[in-house]
Structure formats: C-alpha cells, structure tokens
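Guided by the hints, dock chain Z onto chain L, whose structure is given.
Number of protein chains: 2
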Amino acid sequence: MTDVAFQPIGKRVQAEPGDTLLEAAQNAGVAISAVCGGVGVCGDCRVRVLRGAVSALNPTEEDLLSDADLASGLRLACQVEIVGDGEIVVDVPADSLSAAQRSQVEGEEIPLDVDPALRTFDLTANPPSIADLRGDWERVIGLDPTNYRVGAAEIAELPGILRAHDWHFRMAAHDHDVVRFLPPAQTPLGFAVDVGTTGLAAYLVDLLTGETIGIAGATNPQIAYGEDVMARLTMVVRDPAAAGSKLQKSIIDGLNDLLREVCTLAGVKTTDVLDVVTVGNTAMHHLLLGLPVEQLGSAPYVPAISSAMQTNARALGLAVAPGAMLYLPPNVAGFVGGDHVAMLLATATADLPGVTLSLDIGTNTEVTLNANGQMWSCSTASGPAFEGAHIRDGMRAADGAIERVVWHEGELKWLTINHEKPVGLCGSGILDAVYALRSADILTITGRMKRDHPRVSGENHNIWYEVAAATTTGHGRAIGISRSDVNEIQLAKGAIRAGIKILVEEAGLQENDIDLVIVAGAFGNYIDLAGAVEIGMFPPLPLERFRQVGNAAGIGAKRLLINAAERSRAAEIVQHLQYVELTNHPAFKDRFSQAVLLTPNPWD
Amino acid sequence: MTDVAFQPIGKRVQAEPGDTLLEAAQNAGVAISAVCGGVGVCGDCRVRVLRGAVSALNPTEEDLLSDADLASGLRLACQVEIVGDGEIVVDVPADSLSAAQRSQVEGEEIPLDVDPALRTFDLTANPPSIADLRGDWERVIGLDPTNYRVGAAEIAELPGILRAHDWHFRMAAHDHDVVRFLPPAQTPLGFAVDVGTTGLAAYLVDLLTGETIGIAGATNPQIAYGEDVMARLTMVVRDPAAAGSKLQKSIIDGLNDLLREVCTLAGVKTTDVLDVVTVGNTAMHHLLLGLPVEQLGSAPYVPAISSAMQTNARALGLAVAPGAMLYLPPNVAGFVGGDHVAMLLATATADLPGVTLSLDIGTNTEVTLNANGQMWSCSTASGPAFEGAHIRDGMRAADGAIERVVWHEGELKWLTINHEKPVGLCGSGILDAVYALRSADILTITGRMKRDHPRVSGENHNIWYEVAAATTTGHGRAIGISRSDVNEIQLAKGAIRAGIKILVEEAGLQENDIDLVIVAGAFGNYIDLAGAVEIGMFPPLPLERFRQVGNAAGIGAKRLLINAAERSRAAEIVQHLQYVELTNHPAFKDRFSQAVLLTPNPWD
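The listed protein sequences correspond, in order, to chains L and Z.
Taking our numbering, the leading residue of the first sequence gets 1, the next gets one more, and so forth.
Taking our numbering, the leading residue of the second sequence gets 1, the next gets one more, and so forth.
Keep in mind that the hints were calculated from the coordinates and are not lab data.
Among the hints, a few may not be true.
Each pair may be met inside one copy or between any two copies, as identical chains are not told apart.
Below, a list of computed lysine-lysine pairs in the DSBU-like style, where the Cα atoms sit at most 30 Å apart [what the hints assert, rightly or not]: (1) K269 with K249; (2) K246 with K269; (3) K11 with K421.
Same shape as in the complex, but just chain L:
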C-alpha cells in the first residue's frame, strides 16, 4: 500500500501498486475530469506528479499532451500507474477538476514566501523553585513577557502545557498580542474564506509551511434572505436590529459549518485555528461584522469603515481559538470590497506592465483596469443570472447541470456535469446556449428569438427554445432557454461590458489597448471565452490575451493568511485605486444600452 496525496485540494488516500492516479483520485473523492471515463481518449485528466515513484510516460500521453504540457510536467492521471510503496504527491491543476469541485474554491496560485502575520515562537521556561517564585509566564527564557499582551483565555493554557511538555511550549502571537500557547509540536492553523454573495470558498492552511490542508465550498446561507446584495441590505434597513443580527448569524453559522468540515477532515480541532481571513464585497463585509448598512445602501454609498479590519474572531461567534483575530482587507468604495483587493493580490494585477483588465465575475462583478500603473475600479450589478438564478431552467453547477452547449450540424449539443442525466442549465451552459442560438441566427442582435425554428415554442416573451428533453426537472417538460432568459443574460453581460468600456474611457484608452484580461470567479473560470466574446460580454480581443484564474479572491484570502506583507500590499493597492461609481456616471446609461446587444462590438 502507498499513500497518495492530492494537492492543493488536500486529500489523501491509500492505493496499491498498479492502480492509476485516476483510480486513486476517484477513491479519494477528488473529481478529476475524465470525459472518456479514463480510457486515454479525452486528455482531460491532467496532473503533475510532484513526488514519488510512478510509471514512465507512455505513447497515449505523448499523443494527447502538447509539447508545452509535457515540458511543464503534465501527465494523464488515467495512464500513470503507481510503482512501489513510497508516498506520492500529485498536483491537480484547477482545470482538471470537474466544474462542481473547481467552481468555488480552486484558483491559480503565484508562489509566496511563508511569513504570516501570526508568528510562532518555540520557547522554554525555567521550572519554578523556591528561588524563582515568579509566574509561569515570567519564567519564559529568551523573551520579555512585558512586551506581550496576554489575555485570560490564553494564559489559562500555559501552566498545563509547561508541565506536560518538560517546560517547552510554542507561542503564537499577532504583533504583541499572544494568540495562543500550544504544545511544542502543534501546528498553528489559519482559515481563509472568500465570502461571496452566492458562494463561500474556505481554505484550511498550515501557517508554518503555507500548505493548504483542506478546502470546502458551500452556498452562502444568507441566500435564504435574498439572492442579491440589495435585497439583503433592504431587509436590514427595514428592520436594522433584528434583520442585521439574523443575517450576521446566518453567515457566521455558514463559516462555522465550513470550519468544522475542513477541520474534521484534517483531524484537527476548530480551536486549533489561530488566524482567520475573510474577503467579501462591502455588503458581505458589513453583514458579517454586524455593521450598519443604511449608509451603504443609499447614495453616496459609504461604508462604516474602509480600512482593513482586525477584530476578535471568537467575539463574532467563530468557533476558533479565543485569541484568534479575524482580518478583513480594506474595502475600495461602494460595493467594491476586500474580495476584489484579494483578487488583485492573487493575480498580481497591480504589478503587471502594460494594460491589464481584471474581472471578478459574480452577482456583482468588480472590474479593475491597470493602465501602466494607474488603476481604476468599478462594480457592476451583473446579477445572479450567471449562477442560474432568474433563469427558467437555471441551476447551480452541480451534477446533471448542462455546463457546455454548442451548435453542431443544425442543432444544440450539450454536456452535463459528471455526465449525469440533465436537470437544468448552469451559468456556463446558459451563456453557451445564448451564443449558440445567436450563431445559428435563432436570436437576433437585440435578443429577439425567431419563431420559425422547429424547437422554438410559445408566444411573445414566453417563447423558448428546447435544449434537452428531461424527465427530472419536475415541471414535466423539456429543458429550454426562453426569451426572458436571454434578456437576463443580456443585462448581466451588458453591465459588465459597460463597466469595462467606462474604465477604458477613464484611462483615455481603447478596448483594443488591453494587453491582458484576467477573468476570475466561480463562473468566470468556466465560461467559454470565445462565446463570451462573440455575444459581447468581453471586448473582441484575441483569445490569447485572456487568462482564467479561478477563485482568485479565495486564493488572495489565503495569501493574506500566509504572508503579512500582502496585508500592507492590500492597503497600498486600495490607496492607488481610483473608484468609479457607475450608478451616477454620466456615460453609464448610454454605454449600457449599447452593451446589451448580442454582438462582439456594440459600440459600432
């Protein structure tokens, strides 16, 4: 038997020599994408073997992998067999995970030194004696205790640890505040969460090595109180005390559920978590912290606080160590919050030369343009359509969701997540379908659906196109995309495109001047870029100028845990960003009304 570890998802499994890595992954519950079922045809299941003995490259792999893939060490999990019984460590790139797993938590990572805000000290104390009656804390060697503040819950653990471990212990501290005393070998852990309006993505991190030792995703439970930000803010403004604490409790409960999930899988206690980072838009930030939102929900939309926050995590109800602090990066302005700052950190947007456009696509889409070092940001209300909401047969990216649609030989062809029987359309499927219907000329440039196709049924705005027959949707009819679904997509993509256009204009540039478009976010990671460009969601740039990076906000949250300098960097970035408020921008209405057109260049 040998031990196979899958990184960065953080799962381990036992396997036999001769097993393929794909089999091991399936046993571990790591959903590596393999459309062909592991017979060496699709070339989806690409992984890297970081350590351990495996079979040599075979002709199937040489056929299906490009020279660049091979040079970067990629292999096909279905072809690589385990040899011997040493430990094997496998890196699974985000692209190789099926949509459901990769959508919320995975993202590209730029290497980072491990130098966390939570510092760890390995210390020893002198045993007490008649000649040394000082307190346990005062008998610590090599550290001046008067330089540190230590709270009651923290000092309570020291006497027991000292006496159980021969006067050795580990101390975790934030600046000059003791966060916890630990037994000498215990790993200090961190917990980072991207708090999206719709989804939560959580990471459990070893703060000594920077390694991710657990990942989990969940729906933001606040969704029960309103799908978009404004619905939730309105609820609180109407009944500040009750609704505010209800929404706060809801998200804290959601975070605790994720915390328990990752900790249970990693075999640690939730109270072993000593530092927490959450990133979210300004509304999520305020609702999580229990801050008032009246002033945030109406013009001129000012937050209670813009700067980075550091507040006791346990006081908010998080089931972590009593001394653990919760850090939230600074907010930019309006709804552009710390999640976008985290995304800019994770993608190094602020450090890139030339003109870079970074988008984090979600219920709100934040857009930043870095034009040769000068930066502009805005937030666009793209709405929940990309998450499948407000769409007749929409659904989240789960088993059975149609995630890919193409127009092929006169009809729509589709694929579902995990090849399950279709039950609805997830965001990428809807976007694909709009592009497919537009390319087949069943949709006009304004989004009107032509009636003369055999699969188009219904009347006026109830008109719809049958995508797939299905028996499991519950409404007893085929899965389709309606005229009003198309309009939802037009509004969503139009808001994003108008935002891009306005930032480009603020910088005095043309869309074609953009050298690189970084697309982040659960949905953004999985959309078909060619289709998105064709329907005018993104500027019509060559596709090689685009990079899909996954959940960059979540990765940025992890970076803020792992390296304290990233926290200073976050403050710097916010200071240099120029925020553009779109709601009262003189050009917005005009740009938006053009941007809803289903064409790559609506400005012509």
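Then chain Z, alone, in the frame of chain L:
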C-alpha cells in the same frame, strides 16, 4: 427644596432649608454615625461641607471638635442646618460612617491627577459626498485612523452616532485600541472592584473628572464554595474543569450584580462602562480569570502569571462595553496579589520615608515593610475569624452585631451596630471581648479561660463567657465567647504578628524601629487599636504611630482606573518588593508559637 450630595459615597437627596445635614443623610440612607441620636453630645457625626450655603459654626461644635478638626473644616452633621436652596455637597469621612457601611468600601484617599489609561477624544468627521466616498471612520478629522485598531462591535456604532450628532462624536481608546465610540456628551465610566476572599467593594467612576459616582459592597458569592482561599483552590484542583468554571461564573455574576446596582443608581447603562480594574489576592485573581490553580495551591506556589493583565472584560462575561478591557495589577508572589499592590499605591507606602509597616487585614493578611526604601512582603493566613466565621456566635458587621465591647466596673459592656438588639459578635466585637476578658484576667496569657467567674459556664473547651443575653440568636441561649473562639483569635492575630516579626528581622530591625503602621481592610479599619496592641496583634508602639485607612485596596483599584501612571507605579513596586514565603520560613514556627500569646510583647 435643595439637593444634598454625599461624597464619596455618591448618594443624593432632596432637603428643606432648616433640615440638618444628619437628617438629610438619614433620608438618603447614608448611615452617619451618631451614637447620641443627633443631640450634639457624642461628636461622632463629623462631615465637611464642600459646597453650598449652611448655618455657621455653633458653640456645640466648637466644644466637641478639636482645634485640628476645626482647622481641617470638620463640622457636626447634627448641628449644620441647610440655608437657602442651592446645591450642597458634603464630604463624609470614612470614620463618620457606621461600621456596616464603612467596612467594605470606604477608605482614605490621597489626591490624584485625572489621567486615565482610557483616553477620550472629542472628534468630528467630514460628511460624505460624491467627492469623498471613504468610510465613516476614514473621514474623521485630526486623527490618523490607521494608527488605531477598531473592532467590529465598536465600528458598528459610529455611523449612527455621526448622523445623529451632526458628525461630532467622542472616542474612547486604550493605547491604540478603540474601546468605544460615544455620542459627544456621554461620560466615559470606569468600574473598580476590590475582590476580597470574603467581600466585594465596587466603585463607579467618572473617567473625565475622577469622581466616584457610585459605591456598593457585597459578599463574595464564592463563599458558598468555601470560606477561605485554600478550600476554594482544593475544590478546583479536585475537579479543574467544572469547579473552576463554577467559581469563575460565581464571581463574575457577583461583579455583574454590583455593576448593575451602581449603574442603576447612577442612571447609566452597564455598557457605558469602558474600563474595569479588579484587585484581589493571587487566588481571587486566578479564579476570576479562569486560570488553573494546581500550581498555585501547592509548593512552591507559583501563579500562572505575575505581571499585570489586560484582558477583554466582555469575553470574561462582564456586562460592560464590548471593547472594555479589564486590568488587574501585577501579583507579588504566593497569595500576595494585586490587591496588596493597590493598597500600597493607595497608602503611598513605597514613597514614605523611614520605616513603614502596611497591613491589609482580611482572611489572608498581607504585610509589607518599607524600611528606608527597601521593601519586604509576606502573606499570613489569618483566617476568617475576624469576619465572624468559626466563632460560636460570630457574624458579619451588620445591624445587631456587637461591634464594641469594654470591661467596665466589673462586667462587659457592649454596643451593637445601629443600636439594634444584639444578634451576635462581629470581628471587632470579638477582638474587643478577648482584650476585655484578658484585662479582667478571666483569660490567661495562653488563652485559658478561668472558671471562677459567675458568667463563665461549661466544661473544658466548651467553656464560655456570657457576653449578652439575647433572644434572637436562634439557639435560645445568651451570646457568649468561648474558649475555642479565643483560640481562633489567638491563631489569627498570632499569624499576623509572626509575619510582622519576620519582616522586621529580614530588614535587620526591631519592632520598635517602625515609624508608622498603616492598617487597612474592612476589619482593620474598625478594630480598637489599643486592645489589638494589648493582646499582641500589633507591636506595642505608641498609638499615634498607627493609621487606619479603610479599604485601601479598593481605593487603589480606583487609582488604577483614574491615572495610568499608577499602573506603571504598580509594576515598579512589585519589582522592588522582596517576597518572604512564610510557610517554609525557618523562623516562622517558632515566632508563631510565641505570637499566639495574649500579651503585647510575646518575644520577651
């Protein structure tokens, strides 16, 4: 009608012109001592009129007050009449209060500058505009918000206050931590408590003026779990988790009760309290903070922490502002805790020239000797006898307790608190009785009770002397003092005297070298010094070398609230104190066995 305020006890009442201050005090529930009933005979009811119009000095006052009294502004409350209707402020010295009121909370106060650790800033913010979309906190004028850490509960209050008060607000901060944002006119309050093994004394303080605006005392509710420190520690050592949290909850509940009492009387919310100081011996300190006590309860008796603590008060369960910190001064060693440090601060012991002996008499009696700048401290287990415990007819200093006993014309004469029917003996009464019986030669020097007096009954150790007939004691017999009561007092006073002797020897001095004896503590404030000297509790020094200062620990706790420099001073004092552990001191047993003798000089 006019308003009469009694300081420092903090009570107010309405009165009519022509009323005496004694009548006003009685209406306010301020128990000014007046044995003669207010007819101008006893001269007990001494007060100072700090402000307001009252009648001129009359011949009765001139008769009963000494020149020194008159020079210091003392008047007799029963003789001073209210004139006109302006506000009157009266200072009631601790000595003028009846025992029950003055025992726990009153004490001599040395003037102190108001410069609290909790700083208050009066600030303004720029209103937001399209041109200034920063957060509310970032728009504050004249302060760099990045220099301050602000938690979630604190920032939550800012937007509402700014908008309700035309962008003005008050900020309370500890170092660089925001404690609370307040409306512009709100007074920042502090709460100081002396946490005694037996009693609690609490003070509500205006942190802008340093004035005491409320005082309250109560029994330490932990007493239900054991009268002395060791009983409570043993309980926790046997069942650390359950008993520790039970005792912690008990004292926190007790503090919250006092907090609610003083806040209700002052018409403020408990959450308006922004800073808290508690002082207590090392065991009270550990039990309050929930620290383990195993290592404290067995040799070499080391605390978990000696240094001053600063910990979030709300996290411990105190019903104060979420950001309020609880400060506890440093512990010395063994059971000599921060309460003794506070007592040393309040009495300025460390600053006095010559040789000063300071004692804080309680269930444990802490003793410090300052011999020309060098200081030694010890703790003696004086036990709860002075509180009336372990005494056949003992009781606390409450209505009906015999508080004063003298031998007069061949029999014991006694006085009860508030002249109520006698129900038992409180500490001072017991001590007086021992002295009286010794002076009448009914007790021998070794504490044996002679059988040949008509009021002595019983056999062997059950032998007792009838002090007073009473019908309300419940046991249906006369109040008396038994041979074993006398032994309890011998052990208690012997422990104190042995401690004094050993410190004097450590300093290479004789008892007679002591220039000043400062006697503090609930009980110490009220004992008859002459009697205490005669039975050998204190060295036989001239009585003018003694000073009774009341609850100096509580007054010290207030000082730590009112002036931050006192906190540095506390650290300095602890650094300079030499702690003498008596339990294993080579000379202790010998000195103690002599010190139990009922004679002024047991060393002869």
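Check your understanding: Between copies, within a copy, both or neither: which fits K246 and K269 at Cα up to 30 Å?
Key -> both (27 Å within a copy, 25 Å between copies)
Check your understanding: For the identical chains here, do K269 and K249 meet the 30 Å Cα criterion within one copy, between copies, both, or neither?
Key -> both (21 Å within a copy, 25 Å between copies)
Check your understanding: 30 Å Cα cut-off: does K11 pair with K421 within a copy, between copies, both or neither?
Key -> within (28 Å within a copy, 79 Å between copies)
The structure agrees with every numbered hint stated previously.
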